[in-house]
Amino acid sequence: MNPSTHYMTTFLKEFVARLPIGPTGSLLGLALIDSDIHSVWSLIDHVTNDQLQMAINGIRFQHRKDRLDIENLVDYLSKEAFDNMSGDRPSVPNAVVIFVDHRGRPDMHHGHVSGLGADARHDVQKASGDVIVVNIGSTDHSAVTQMSVLATDAHHVFSVADYDALSGIKDMLVNFICN
Numbered sequence: 001m002n003p004s005t006h007y008m009t010t011f012l013k014e015f016v017a018r019l020p021i022g023p024t025g026s027l028l029g030l031a032l033i034d035s036d037i038h039s040v041w042s043l044i045d046h047v048t049n050d051q052l053q054m055a056i057n058g059i060r061f062q063h064r065k066d067r068l069d070i071e072n073l074v075d076y077l078s079k080e081a082f083d084n085m086s087g088d089r090p091s092v093p094n095a096v097v098i099f100v101d102h103r104g105r106p107d108m109h110h111g112h113v114s115g116l117g118a119d120a121r122h123d124v125q126k127a128s129g130d131v132i133v134v135n136i137g138s139t140d141h142s143a144v145t146q147m148s149v150l151a152t153d154a155h156h157v158f159s160v161a162d163y164d165a166l167s168g169i170k171d172m173l174v175n176f177i178c179n
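Take the sequence shown: its position 166, counting from 1, is numbered 166 in the UniProt record's numbering, and each next residue is one higher.
The set of hints was computed from the structure by calculation and includes no laboratory data. Values in this document were obtained by computation on a predicted structure and should not be read as measured data. Even glycine gets a Cβ: it sits at the ideal position worked out from N, Cα and C. There could be a bad hint or two in this list.
[Stated by the list, open to error] So the derived label-pair ranges between C-beta atoms look like this: (1) 20 - 122: 16 to 22 Å; (2) 146 - 89: 30 to 36 Å; (3) 13 - 121: 27 to 33 Å; (4) 57 - 170: 16 to 22 Å; (5) 50 - 71: 18 to 24 Å; (6) 170 - 121: 21 to 27 Å; (7) 126 - 155: 17 to 23 Å; (8) 25 - 2: 19 to 25 Å; (9) 170 - 2: 29 to 35 Å; (10) 103 - 23: 33 to 39 Å; (11) 60 - 17: 17 to 23 Å; (12) 90 - 168: 30 to 36 Å.
[What the hints assert, rightly or not] Lysine to aspartate or glutamate pairs mimicking DMTMM-like chemistry, simulated, CA-CA at most 25 Å apart: (13) 79 - 164; (14) 13 - 50; (15) 13 - 45; (16) 126 - 83; (17) 170 - 130; (18) 13 - 88; (19) 79 - 130; (20) 126 - 45; (21) 79 - 162; (22) 170 - 153; (23) 79 - 153; (24) 126 - 71; (25) 13 - 162; (26) 126 - 69; (27) 170 - 88; (28) 126 - 162.
Please model the entire structure based on the sequences and the hints provided.
In structure tokens form, the structure reads like this:
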């Protein structure tokens, strides 16, 4: 098992354990992205903490490509992740946490990340509410740093040195999501 997979799985399990999961509490959907979007589960697939803990154990993190299709991500978040079919509850605020691995290389166009046009942030935030971006690894790569524009504001951007350091931001993420 890749060490980053272990750290990410452990982080997700500890993070979810801190959330009030349930039909009247928090619901969690999960998608993985590289050159495509891979919806792992929707908001209504696992509605108890026990179900989510078991589902997290079964996540198949597969590093397919370093290329990230941000247009697909924006489209997925603004049109599919929070629709009625996925279990969205219009009266309950949504939050998105985007984990960006430093190895990811978004498609570029004239020095800018493709898909991060003026409407991208608006479209994602309109559909999902709060957007938190977590940069994992070196933030020296300007394309990865550019993805932070999807975040609600600068306070919704976190950077950690590596996957092991994710545990240090768990409580902050829970506070952002639950408050």
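**Q.** Unmet hints by their number, sorted upward, for this structure
**A.** Of the numbered hints, 1, 5, 8, 9, 13, 21 and 28 do not hold.
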